[in-house]
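There are 2 protein chains.
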Amino acid sequence: MSERGRPRTFDRTAALRRAMQVFWARGYEGASMSELTAAMGINSPSLYAAFGSKEALFLEATDFYSHTEGADIWLALDEAPTARQAIEQFLCLTAKAYAQSDRPQGCLITLGALHQDSSRGAICDDLRRRRAENHTALQKRLERGVAQGELPANFDACAAATFFATVQHGMSIQARDGASHDALLATVAGAMAAWQTMAGGNAA
Amino acid sequence: MSERGRPRTFDRTAALRRAMQVFWARGYEGASMSELTAAMGINSPSLYAAFGSKEALFLEATDFYSHTEGADIWLALDEAPTARQAIEQFLCLTAKAYAQSDRPQGCLITLGALHQDSSRGAICDDLRRRRAENHTALQKRLERGVAQGELPANFDACAAATFFATVQHGMSIQARDGASHDALLATVAGAMAAWQTMAGGNAA
DNA sequence: TGAATTATGTATCGATCAACACAGAAAAGA
DNA sequence: TCTTTTCTGTGTTGATCGATACATAATTCA
Numbered sequence: 003m004s005e006r007g008r009p010r011t012f013d014r015t016a017a018l019r020r021a022m023q024v025f026w027a028r029g030y031e032g033a034s035m036s037e038l039t040a041a042m043g044i045n046s047p048s049l050y051a052a053f054g055s056k057e058a059l060f061l062e063a064t065d066f067y068s069h070t071e072g073a074d075i076w077l078a079l080d081e082a083p084t085a086r087q088a089i090e091q092f093l094c095l096t097a098k099a100y101a102q103s104d105r106p107q108g109c110l111i112t113l114g115a116l117h118q119d120s121s122r123g124a125i126c127d128d129l130r131r132r133r134a135e136n137h138t139a140l141q142k143r144l145e146r147g148v149a150q151g152e153l154p155a156n157f158d159a160c161a162a163a164t165f166f167a168t169v170q171h172g173m174s175i176q177a178r179d180g181a182s183h184d185a186l187l188a189t190v191a192g193a194m195a196a197w198q199t200m201a202g203g204n205a206a
Numbered sequence: 003m004s005e006r007g008r009p010r011t012f013d014r015t016a017a018l019r020r021a022m023q024v025f026w027a028r029g030y031e032g033a034s035m036s037e038l039t040a041a042m043g044i045n046s047p048s049l050y051a052a053f054g055s056k057e058a059l060f061l062e063a064t065d066f067y068s069h070t071e072g073a074d075i076w077l078a079l080d081e082a083p084t085a086r087q088a089i090e091q092f093l094c095l096t097a098k099a100y101a102q103s104d105r106p107q108g109c110l111i112t113l114g115a116l117h118q119d120s121s122r123g124a125i126c127d128d129l130r131r132r133r134a135e136n137h138t139a140l141q142k143r144l145e146r147g148v149a150q151g152e153l154p155a156n157f158d159a160c161a162a163a164t165f166f167a168t169v170q171h172g173m174s175i176q177a178r179d180g181a182s183h184d185a186l187l188a189t190v191a192g193a194m195a196a197w198q199t200m201a202g203g204n205a206a
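Here the protein sequences line up with chains D and A, keeping their order. The opening residue of the first sequence carries number 3 in our numbering; numbering runs sequentially from there. The opening residue of the second sequence carries number 3 in our numbering; numbering runs sequentially from there.
By construction, these hints were calculated from the structure, which means they are not laboratory data. Just so it is clear, the structure is predicted and the values come from calculations on it, not from any experiment. Do not take every clue at face value.
Said to hold, decoys possible - Residues of chain A clear of chain D, computed beta-carbon distances all greater than 10 Å: (1) Ala40; (2) Ala51; (3) Gly123.
What the hints assert, rightly or not - In silico BS3-like links for lysine-lysine, alpha-carbon gap of 30 Å or less: (4) D/Lys142 <-> A/Lys98; (5) D/Lys142 <-> D/Lys98; (6) A/Lys142 <-> D/Lys98; (7) A/Lys98 <-> A/Lys142; (8) D/Lys56 <-> A/Lys56.
To be verified - Stretch by stretch, here's where chain D covers chain A in the computed footprint (C-beta under 8 Å, at least three residues): (9) 29-37; (10) 152-166; (11) 183-193.
No residue lacks a Cβ here, since even glycine has one placed at the ideal position from N, Cα and C.
Take these sequences, add in the hints, and give me the full structure.
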């Protein structure tokens with residue numbers, strides 16, 4: 003295959019993981035190329051040869067993030083037996099992931115590029131697309147709960163999905179402020195307190 | 003007084019407002035001096051003479067923001083007759099303010115400098131202090147509700163304040179994603195749905 | 001009117017930004 | 001061995017970053 007030429011002397015996946023951590027901690031604009039190359043242990047030309055550009059590297063890093071850091075949260079959403087347990091697991095796993103001290107707090111997808119001009123570059127659009135996918139996943143799971151009779155027929159799955167997604171976004175900022183796991187669980191408890199009322203049948 | 007020397011030819015407050023809008027839209031790091039001077043209608047030396055530095059300008063801009071854009075939200079919190087109405091007004095006014103299309107979406111205090119190193123510079127610390135003050139204001143209002151018998155004695159005002167503050171933070175990101183006023187109100191409805199359960203007496 | 005004081009506009013500072021030119025090094029194919 | 005291909009390290013590109021030097025203009029005080 004493509005085994006001709008001098009072989010790469012660094013682990014591409016390991017370097018991508020390091021880049022992800024830098025973007026995660028500093029955001030897209032805040033992460034400089036020198037910071038990235040230092041963390042990845044390679045020189046600038048090697049980075050460009052392997053990943054193309056800062057923008058392309060970020061897109062790959064967010065994809066890597068989704069498949070590693072973010073995977074279990076969204077897996078639990080689908081696998082929990084009831085919609086209520088699905089949402090609770092979703093939020094509890096979020097609380098656990100966001101407060102871990104051995105990595106940046108909060109979510110790369112949520113915090114990675116909040117101030118980009120949507121018109122300029124694909125980064126902002128890509129993150130928005132991923133956030134929209136998350137909203138859809140929540141909504142689908144809630145609709146399943148309606149279909150299975152767990153939730154009333156007039157339950158507004160879209161509005162509820164918006165609410166729980168917004169709570170998760172807020173937890174990213176809370177985590178960035180140094181909130182402990184327990185503090186994040188207080189927010190989870192608040193969000194789950196809404197469940198009883200929403201599932202009671204008088205959803206707006 | 004200090005009326006000696008050549009008088010300033012621009013309105014300092016108007017220039018500060020323009021600077022606030024730039025920081026609001028682009029964040030601290032994302033707002034460049036050239037962008038700021040262009041929006042403020044002055045040259046770089048005038049900016050430094052009047053405000054000191056980019057950092058000092060940001061601190062003044064956030065203070066200005068608190069006293070103008072953010073004032074009515076927190077005023078309503080204290081003036082509403084019941085704690086429940088206070089929280090509801092607080093969230094509804096937030097939804098209204100964050101979705102207005104004639105200004106940047108979301109909150110400057112929340113989104114202004116999420117990726118700063120806390121050690122480096124006073125910006126991050128200042129915003130965190132302001133967010134902590136907001137949490138305290140919410141908690142105090144809820145504790146008033148407990149004292150007045152509106153809420154049960156075992157009501158966890160701190161945890162509830164954390165929850166509502168987190169919801170508000172999430173709404174900033176939701177607004178940045180282009181959410182409409184109605185979409186933000188869906189989140190408000192979700193948060194208020196939690197009220198019934200939390201105020202019921204079985205708060206954790 | 002003249003000295004002191006403060007603001008303005010032009011032009012620029014060194015540092016850093018993202019990105020790349022180039023030559024040498026290390027592999028495969030002939 | 002020799003050509004081709006690909007990667008690596010050094011050094012640098014033009015642009016932009018935040019921040020100023022400097023001369024000039026406009027005001028107050030004496």
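Quick rundown of the hints versus the structure:
1. Listed as outside the interface, A/Ala40 is consistent with that label: its C-beta sits roughly 15 Å from the nearest C-beta of chain D, beyond the 10 Å cut-off.
2. Annotated as non-interface, A/Ala51 keeps its C-beta farther than 10 Å from every C-beta of chain D; the closest such distance is 27 Å.
3. The Cβ of A/Gly123 sits about 13 Å from the closest Cβ of chain D, beyond the 10 Å cut-off, so the non-interface label holds.
4. At most 30 Å may separate the alpha-carbon atoms for a hinted pair to count; D/Lys142 and A/Lys98 meet this at roughly 28 Å.
5. For the hint linking D/Lys142 to D/Lys98, the alpha-carbon distance of about 24 Å falls within 30 Å, and the restraint holds.
6. The hinted pair formed by A/Lys142 and D/Lys98 meets the criterion: a straight-line CA distance of about 28 Å does not exceed 30 Å.
7. The hinted pair formed by A/Lys98 and A/Lys142 meets the criterion: a straight-line CA distance of about 24 Å does not exceed 30 Å.
8. Note on D/Lys56 and A/Lys56: the hinted pairing holds, with a Cα-Cα distance of about 26 Å set against a maximum of 30 Å.
9. Restraint check on the segment 29-37 of chain A versus chain D: 3 residues with Cβ-Cβ distances below 8 Å, three needed, restraint holds.
10. With a cut-off of 8 Å between beta carbons, the segment 152-166 of chain A has 7 residues touching chain D; three or more are needed, and the interface restraint holds.
11. Taking a C-beta to C-beta cut-off of 8 Å, the segment 183-193 of chain A contributes 6 residues in contact with chain D, enough for the three needed, and the coverage statement holds.
In this structure, every one of the numbered hints holds.
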